[in-house]
Amino acid sequence: MKTKEEVGIKGYAGYVPRYRITPKEIGDVWGKDGESMGKGLRIESKSVPSPDEDVVTISTQSAKWAMQRADVDSQDIEAIYVGSESHPYAVKPTATIVAASLAASPDLTAADYEFACKAGTAAFQTCMGMVASGMIDNGIAIGADTSQGAPGDALEYSAAAGGAAYIIGSDDLLAKFRHTCSYTTDTPDFWRREGEKYPQHGGRFTGKPAYFKHVTNCTNKLLDETGREPEDYDYAVFHQPNGKFPMKAAKRMGFSKEQIEPGLLVPKIGNTYSGAVPLGLAATLDHAEPGDEILVTSYGSGAGSDSFDIEVTENIVKIDDENVPRIEEIIADNEFISYSVYAKYREKISEGGA
Amino acid sequence: MPIPRFWREIEQRYKGIGSRCKNCGEIYFPPRKVCPECRRESFQNMEEYELEGTGEVVTYTEIHEPHQEFEMLSPYILAIVEMDEGVRLTGHLVNVDYDEVESGMRVEASMRKLGEESPKGLIYYGYKFWPIDD
Ligand SMILES: [Zn+2]
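Just so you know, the protein sequences line up as chains A and B, in that order. FYI, in the numbering used here the residues of the first sequence are 28 to 381. FYI, in the numbering used here the residues of the second sequence are 15 to 148.
A couple of the hints might just be wrong.
As the list claims (entries may be wrong) - Taking lysine to aspartate or glutamate pairs in the EDC-like style, the calculated list, with each CA pair at most 16 angstroms apart, reads:
1) K345(A) - E316(A)
2) K29(B) - E116(B)
3) K134(B) - E221(A)
4) K127(B) - E285(A)
5) K278(A) - E256(A)
6) K29(B) - E85(B)
7) K371(A) - E85(B)
8) K127(B) - E23(B)
9) K275(A) - D259(A)
10) K29(B) - E256(A)
11) K235(A) - E221(A)
12) K134(B) - D198(A)
13) K284(A) - E258(A)
14) K203(A) - D319(A)
15) K345(A) - D313(A)
16) K119(A) - D213(A)
17) K119(A) - E130(B)
18) K47(B) - E66(B)
19) K284(A) - D259(A)
20) K371(A) - E83(B)
21) K295(A) - E52(A)
These aren't lab readings, by the way, just hints derived from the structure by calculation. These numbers come from a predicted model, not from an experiment.
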């Protein structure tokens with residue numbers, strides 16, 4: 028898919044909650060070797076939201092900073108889409124609260140997106156289409172999550188919180204979307220029924236027929252459609268449910284460790300679900316120089332992938348790093364907590380009943 | 015909190031919308047309909063004023079035995095912040111340790127969950143403060 032008119036990123040920013048917990052700390056509580064579990068997943072620590080943080084607060088902060096960088100007035104925002112699988116309300120949009128807190132309401136369209144971990148990149152594509160067709164001048168696409176694994180479940184070692192926001196428009200671009208494509212199937216690898224607090228997953232089934240099949244097919248499709256090779260890109264960002272999957276997928280497709288490194292945040296902050304690719308791309312853009320080319324592929328269970336071919340413009344050197352923190356600065360400002368504080372924050376004490 | 019009151023206050027809670035007296039220039043938060051200084055002269059002469067969201071800590075204290083709805087956050091830091099426009103607000107300080115806080119520290123408003131009606135009810139959002147570089 029290629030847009031008729033030029034469309035790209037005018038501003039971006041991300042936010043990751045400050046608290047961290049290690050796999051060892053989690054494992055100790057359940058009588059498991061959390062340390063080697065963490066090593067296997069290549070996760071050293073994961074982010075934990077404070078009880079007063081959720082997808083609304085993470086989205087609002089990210090969008091506020093992204094608008095500051097784009098130098099776009101809130102009244103010029105004509106669309107907001109928030110992709111998440113942990114919207115605070117089951118019914119009542121996150122996007123309306125974010126729009127109000129950015130002072131962008133009421134003259135805009137807004138909606139929430141859900142597609143497991145790729146809801147954020149689905150929001151990218153919607154904004155791209157609306158901008159390129161001339162329906163809007165500026166839209167905000169957000170991917171954010173505060174995901175939870177059931178206490179004691181394997182997901183508890185990785186499920187984390189964070190998000191990033193992108194101002195998508197057609198002028199003063201920091202980076203251009205040159206191409207996008209998607210790959211979508213009906214695959215039952217991960218789900219959560221309405222009213223259930225924690226998700227279910229297909230165990231080993233989450234790997235080969237799910238993550239690897241979709242990420243590889245979608246990325247190869249993008250390479251086919253653009254006539255490009257992995258080595259043509261300066262950077263690549265892949266969905267990162269753990270540190271192992273994106274490294275394995277990258278290697279299999281011919282991408283190097285150096286290409287994916289700046290955007291590989293999961294070892295420090297865990298799996299931020301819908302926030303993972305938007306945050307990884309933001310961290311990569313923080314490192315990018317004019318002319319750099321970036322390949323991005325998200326993955327959402329259920330299942331699907333979206334790929335993007337991005338070219339960084341000369342405007343990237345003018346970016347506001349003064350008032351808006353870089354992703355690595357946000358990640359570096361952290362505080363490690365114990366499992367008991369973690370359990371209190373995640374309201375698990377009442378859940379377990381013990 | 016009743017839904018109509020919450021909804022009426024969304025503007026001031028989310029964005030820091032106060033009011034300014036066009037007669038003397040004084041800024042108020044929460045917004046006022048009448049300026050206590052100018053009284054009658056300010057009548058129908060007050061305008062909406064959006065605070066920048068930055069200010070500095072005047073005083074602060076750590077709360078160890080909070081009100082029930084803040085139990086999860088205990089201990090937390092409560093501060094009086096003088097906004098750059100001159101108005102003073104009370105709010106939580108977040109993303110900072112108590113021993114790092116000092117009077118005069120620069121802070122910025124950031125949106126957080128302030129509480130909720132009940133697990134089934136509305137979620138209340140509003141501002142808290144966190145430190146920023148000068
Ligand atoms: Zn007055």
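Structure-based check of each hint:
1. Pair hint K345(A) plus E316(A) holds up; C-alpha atoms about 11 angstroms apart against a cutoff of 16 angstroms.
2. Restraint check for K29(B) and E116(B): the C-alpha separation of about 25 angstroms exceeds 16 angstroms, so the hint is violated.
3. A hinted pair counts as satisfied when its Cα atoms are at most 16 angstroms apart, and K134(B) with E221(A) qualifies at roughly 15 angstroms.
4. The hinted pair formed by K127(B) and E285(A) fails the criterion: a straight-line CA distance of about 39 angstroms is larger than 16 angstroms.
5. Taking the CA atoms of K278(A) and E256(A), the gap is near 13 angstroms; set against the 16 angstroms cutoff, the hint holds.
6. Proximity of K29(B) to E85(B) is assessed by CA-CA distance (about 26 angstroms); at most 16 angstroms being required, the pair is judged violated.
7. Between K371(A) and E85(B) the alpha-carbon distance is near 10 angstroms, which keeps this suggested pair within the 16 angstroms criterion.
8. For the proposed pair K127(B) and E23(B), the alpha carbon gap of about 15 angstroms is at most 16 angstroms, so the pair holds.
9. A C-alpha spacing of about 19 angstroms is found between K275(A) and D259(A), which places the hinted pair above 16 angstroms, so the restraint is violated.
10. With a CA separation close to 47 angstroms, the supplied pair K29(B) and E256(A) exceeds the 16 angstroms bound.
11. Between K235(A) and E221(A) the alpha-carbon distance is near 27 angstroms, which puts this suggested pair outside the 16 angstroms criterion.
12. With a C-alpha separation of about 44 angstroms, the suggested pair K134(B) and D198(A) falls outside the 16 angstroms cut-off, and the hint is violated.
13. Between K284(A) and E258(A) the alpha-carbon distance is near 12 angstroms, which keeps this suggested pair within the 16 angstroms criterion.
14. With a C-alpha separation of about 11 angstroms, the suggested pairing of K203(A) with D319(A) holds against the 16 angstroms cut-off.
15. For the suggested pair K345(A) and D313(A), the alpha carbons sit about 12 angstroms apart, so the restraint of at most 16 angstroms is met.
16. Among the hinted pairs, K119(A) with D213(A) is inconsistent with the structure: their alpha-carbon atoms are about 27 angstroms apart, more than 16 angstroms.
17. Between K119(A) and E130(B) the alpha-carbon distance is near 15 angstroms, which keeps this suggested pair within the 16 angstroms criterion.
18. Our distance criterion of 16 angstroms between C-alpha atoms is broken by K47(B) and E66(B), whose separation comes to about 21 angstroms.
19. For the hint linking K284(A) to D259(A), the alpha-carbon distance of about 15 angstroms falls within 16 angstroms, and the restraint holds.
20. Restraint check for K371(A) and E83(B): satisfied, since their Cα atoms lie roughly 14 angstroms apart, inside the 16 angstroms limit.
21. Note on K295(A) and E52(A): the hinted pairing holds, with a Cα-Cα distance of about 15 angstroms set against a maximum of 16 angstroms.
When the structure is compared with the earlier hints, violations turn up for hints 2, 4, 6, 9, 10, 11, 12, 16, 18 and for no others.
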